[in-house]
Amino acid sequence: MDRRKFHRNNFKDDLLHWCAANNWPKEVQKRLEKGDSPYRANKDGLSPMHAAIAHDATLAVKILLECYASDVAIVKEHMQKRFMWKAENNCWKKRPILVACTEEECKQVAQLASSCPSAIPFNVQVFVLLRSPTVDDVNRLVALDVCSAEKRTDVMRCINALLPNGIVSLDKTDLRSDCLTYLQTACLYDRAGMVALLVAHGSQLSATGESESIPLMTAIRTMKMYIVKLLLTKYINRYDPTVQDSRQKNAFHIAVEQSNPQMVDYVLKALIAYRREQFGETESQAFNRIFTHRCEEYSFMTTWSLIRSHSKEQCSKYVVQYGLDLAYQNGENANVVELLTRKIALEYCFEGIRRNVDILKLGAHDGENVLHHLFKHDHLEFVKELYEQNPSVKPIFETTAAFPILSITLRHRKVEMLRFILDHHKDYLRSEPAKLQEYATGQPWFDRSVYREPFTLLAAAFPEQQDVINQTIAEAIKRQQTKSFTDRFYALQKSFDDAMAALKAEGLPLEHVVDERNRNILHQAVDWDELVLIKNLLACGADLHQKDDEGNWPIFSVRSMDAFELLYDKMRIDPTVTNDHGYNLLHFASKVGSYSRQAILTKLLELGFDINHPTHDGNVPLSLANCCSTVSYLLKQGADVELVNGSALVQTLHGKQHCAAWVLLPKIAHLSWFPEIAHAFLPWMLGNQNRDFFTCSCGRYLEQYPDIRKTLFDSLYNHSRTEAAEFFRKVCHRAINDAARWFLDYGYEIDFDVRDEYGCTPLLGMLVYMEEPNLDVIERLLQKGVTLKARDNWGRNPLIAIAHRFRSAQWYGHSLKTIELLLDHGVEINAQDDSGNTALHYAFEEMQLELAELLMARGADRKLKNNAQKLPYQMVRKSLLPLYAFLG
398 MDRRKFHRNN FKDDLLHWCA ANNWPKEVQK RLEKGDSPYR ANKDGLSPMH
448 AAIAHDATLA VKILLECYAS DVAIVKEHMQ KRFMWKAENN CWKKRPILVA
498 CTEEECKQVA QLASSCPSAI PFNVQVFVLL RSPTVDDVNR LVALDVCSAE
548 KRTDVMRCIN ALLPNGIVSL DKTDLRSDCL TYLQTACLYD RAGMVALLVA
598 HGSQLSATGE SESIPLMTAI RTMKMYIVKL LLTKYINRYD PTVQDSRQKN
648 AFHIAVEQSN PQMVDYVLKA LIAYRREQFG ETESQAFNRI FTHRCEEYSF
698 MTTWSLIRSH SKEQCSKYVV QYGLDLAYQN GENANVVELL TRKIALEYCF
748 EGIRRNVDIL KLGAHDGENV LHHLFKHDHL EFVKELYEQN PSVKPIFETT
798 AAFPILSITL RHRKVEMLRF ILDHHKDYLR SEPAKLQEYA TGQPWFDRSV
848 YREPFTLLAA AFPEQQDVIN QTIAEAIKRQ QTKSFTDRFY ALQKSFDDAM
898 AALKAEGLPL EHVVDERNRN ILHQAVDWDE LVLIKNLLAC GADLHQKDDE
948 GNWPIFSVRS MDAFELLYDK MRIDPTVTND HGYNLLHFAS KVGSYSRQAI
998 LTKLLELGFD INHPTHDGNV PLSLANCCST VSYLLKQGAD VELVNGSALV
1048 QTLHGKQHCA AWVLLPKIAH LSWFPEIAHA FLPWMLGNQN RDFFTCSCGR
1098 YLEQYPDIRK TLFDSLYNHS RTEAAEFFRK VCHRAINDAA RWFLDYGYEI
1148 DFDVRDEYGC TPLLGMLVYM EEPNLDVIER LLQKGVTLKA RDNWGRNPLI
1198 AIAHRFRSAQ WYGHSLKTIE LLLDHGVEIN AQDDSGNTAL HYAFEEMQLE
1248 LAELLMARGA DRKLKNNAQK LPYQMVRKSL LPLYAFLG
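Following our numbering, the numbering of the sequence shown begins with 398 at its first residue and continues without gaps.
Hints are computed from structural coordinates only; laboratory data are not their basis. One or more hints might be untrue.
Claimed, not checked - Simulated pairs of lysine-lysine, DSSO-like, Cα-Cα distance not exceeding 27 Å:
no.	residue 1	residue 2
1	K409	K431
2	K491	K478
3	K1275	K1260
4	K491	K504
5	K409	K491
6	K409	K473
7	K459	K423
8	K440	K473
9	K1262	K548
10	K631	K491
11	K427	K473
12	K901	K932
13	K891	K932
14	K491	K1267
15	K490	K440
16	K1262	K1186
17	K988	K1064
18	K875	K944
19	K714	K626
20	K478	K490
21	K491	K423
22	K1107	K1000
23	K548	K504
24	K1053	K548
25	K901	K875
26	K944	K1053
27	K473	K459
28	K811	K901
29	K631	K666
30	K1000	K944
31	K548	K431
32	K1107	K491
33	K402	K478
34	K423	K440
35	K491	K473
36	K781	K811
37	K791	K811
38	K409	K490
39	K504	K459
40	K459	K409
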């Protein structure tokens, strides 16, 4: 509930709302006399009555109530005299009554009115109240001819047109929005007098508003204790206070979320009393029905997911007081598992298990049973008691879930529990050697302490696994060395003297502290530009000549002039000093990004480094440069583009920034070898980028250099049509429409129906995900004759794909013309996806009623049911179902 929507200024755009909010009775009366509808909602779904209630405008409320009473009197009179209903028959109150306000609307309704409404089944009837002054009193209420097949589409179009006018109701008038009812609004603003007034005039306490909640829930959620007591005492027999909202929460669950002990206690006791009186349940039965929360969307959610820490004690007392059913499956787990997991009411759980040990067999979502959870949550003493008094329960542990329990026991170094498990279940664990190895003896990721006493126990219990255990320990030691390097680096960084003392105590020389690539602490310190640590390492005699596995010296990773000067002062390096691949310091300085890059390059050139010197793999500093500023600097200093090796350049792309390529490309695009390697650029430029990033990094340059763009596209196409098709598919699926247009402009012949890992073709990709208008690209693809029978991994064809997201598709230039375009090209209109939904199902679900009209007019089958056995119209908002029931 967004209170900002009820702010007085939010009603300014609608005159009747504005007058009602300000409690101007004369102005309200004038607006009504001029034909303003008291039922029409604003953009937020709020009617003038909402505005009046929110601002305690009692005079305006009374005028609107009189208007409603007058309209209801007309409805009653027509029901009795024209439709021949008995006076005591109030069934019409269960049907929404639409409102036609203008003369044109009234004429349209008259053309679609049934001449024999009594022949229409009640459950599909749609009534319309004609409020235009030009309509005579005899025909103020009509029933639309919903049974006529010829008029069906026109009737639906009429309903859709009248919906913005609202319905005749004293609960809420806009069926399209999920707004509060009038009574909920009164509860929100603590208007007890308004509640009494509305109830007296016929507002229903059972009517649902936001998220299918009732007024009681609103009062609880906003902590209106007086209103809560009023609704649970004076009015409790007018509605069912134990109903659930759309999130399967009842009033108790909402009270628990507010964490107010007095509110929780009052609501729970009132609901229990209600169920005892109305349904004849015992206290325990009523409590179990009220307490349980089963969320349809998230099966892992339970009542305990709603309870905050400081309310757990209060709720644990209710568990014992009212006797929570331990065996009941609450969400994914039985209640007993939830209690054991959270360590709540443990004695109550233990006593329940003692009385009925079959509870131990109850399963949980992860395949573990209650006995497994007793181990998992450290209830070992109780397990020992069970094993001693009921030895027959031991086999309950022996399922495949025992192995994850064993793994958890090892991970947390629970030595006593491990001994207990091995004493009682060793034979079962041995019977599954592959799982034993997967979860225990072959697991190298445990903490180092696990490989001491716990693994000694495993070796004693399973001597046949000794070789596996030894191999696992060796691998764990190797993995921990890498971790030790990182830990020691941080220790030296934090407190150098203490860390060095620790190394000395271990008898470990500093030069022996290396990572998996044989890089020492100085390598890492230089790479991270940790100047203080570099100084400390140099002061204690760190070896500047210690190389890693590729022959790299620490100075090769230098990133700042300060670090360079520190190291160069100790180690005079010249151009002949290279690593195993022929890279000298200038090569590294060109490809390593840093804020001091240009200063380091300048210094190296002054020291005599050759700006065009090649490496063993054919690279020169210019081809290694990873940033546009480095490329520009090297060119300015005389780097020769003619010496760039195309094949070597391609191998450097993975570590290069896109800006570097776009400074270099205009300089090399004319070279003879460029077309031979140009195919590598577009896939590299695209990479994993979405539209925004691709446009910024490369799209604007492709637009700026059309000749280079054409060369890149041609080269990719000539190199591999398969790779070209993959590139096209990716740009379509990522909404990079300009790249797709260029591809089509160049007239390449490729497989335009190539699929990705989700089963999407380029056409499906463009319909599934949009960020910019792409209708022109879709039209061009259809002209290419792409298949319309393609389905993605969810079974969606192109029509279902766009219908599923038609609301957002309209933001990007699509309209019903796109649907007609697909239909004209032969897309299957009644195709069903893996959920059984057709395009018509999604049209109703997304409340795209004009789309539904079009699909039905073009022959969509309104009788097809989805996997949930729902007809298309049944996908609409629950409040709208009665209006479209005639489509069933």
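Hints, verified against the model:
1. K409 - K431: Satisfied, since the Cα-Cα distance of roughly 18 Å is no more than 27 Å.
2. K491 - K478: holds (19 Å)
3. K1275 - K1260: holds (19 Å)
4. K491 - K504: Roughly 26 Å between the alpha carbons, so the hint for K491 and K504 holds.
5. K409 - K491: Violated - the C-alpha atoms of K491 and K409 are around 33 Å apart, more than 27 Å.
6. K409 - K473: Distance ~34 Å between K409 and K473 Cα, so the pair is violated.
7. K459 - K423: Within the cut-off at roughly 12 Å; holds.
8. K440 - K473: Violated - the C-alpha atoms of K473 and K440 are around 31 Å apart, more than 27 Å.
9. K1262 - K548: holds (23 Å)
10. K631 - K491: The given pair, whose Cα atoms are some 25 Å apart, holds under the 27 Å limit.
11. K427 - K473: holds (26 Å)
12. K901 - K932: Given that 27 Å is the threshold and the Cα spacing comes to 19 Å, the pair holds.
13. K891 - K932: holds (14 Å)
14. K491 - K1267: holds (22 Å)
15. K490 - K440: holds (26 Å)
16. K1262 - K1186: Since the Cα atoms of K1262 and K1186 sit roughly 21 Å apart, the hinted pair holds (cutoff 27 Å).
17. K988 - K1064: Answer holds: K988 to K1064 is near 19 Å, not above 27 Å.
18. K875 - K944: holds (20 Å)
19. K714 - K626: With a Cα-Cα distance of about 23 Å, the restraint between K714 and K626 holds, given a limit of 27 Å.
20. K478 - K490: holds (17 Å)
21. K491 - K423: violated (33 Å)
22. K1107 - K1000: violated (40 Å)
23. K548 - K504: holds (15 Å)
24. K1053 - K548: Outside the cut-off at roughly 65 Å; violated.
25. K901 - K875: holds (21 Å)
26. K944 - K1053: The hint holds at about 25 Å.
27. K473 - K459: holds (21 Å)
28. K811 - K901: Answer violated: K811 to K901 is near 33 Å, above 27 Å.
29. K631 - K666: holds (16 Å)
30. K1000 - K944: This hinted pair holds, its Cα atoms lying about 23 Å apart.
31. K548 - K431: violated (32 Å)
32. K1107 - K491: The hint is violated at about 66 Å.
33. K402 - K478: Violated: K402 and K478 sit about 42 Å apart, past 27 Å.
34. K423 - K440: Holds: K423 and K440 sit about 25 Å apart, inside 27 Å.
35. K491 - K473: At roughly 13 Å apart (the allowed maximum being 27 Å), K473 and K491 satisfy the hint.
36. K781 - K811: At roughly 15 Å apart (the allowed maximum being 27 Å), K811 and K781 satisfy the hint.
37. K791 - K811: Distance of about 20 Å is within 27 Å: holds.
38. K409 - K490: Cα-Cα ~32 Å, so violated.
39. K504 - K459: violated (31 Å)
40. K459 - K409: holds (21 Å)
Hint violations for this structure: numbers 5, 6, 8, 21, 22, 24, 28, 31, 32, 33, 38 and 39, all remaining hints satisfied.
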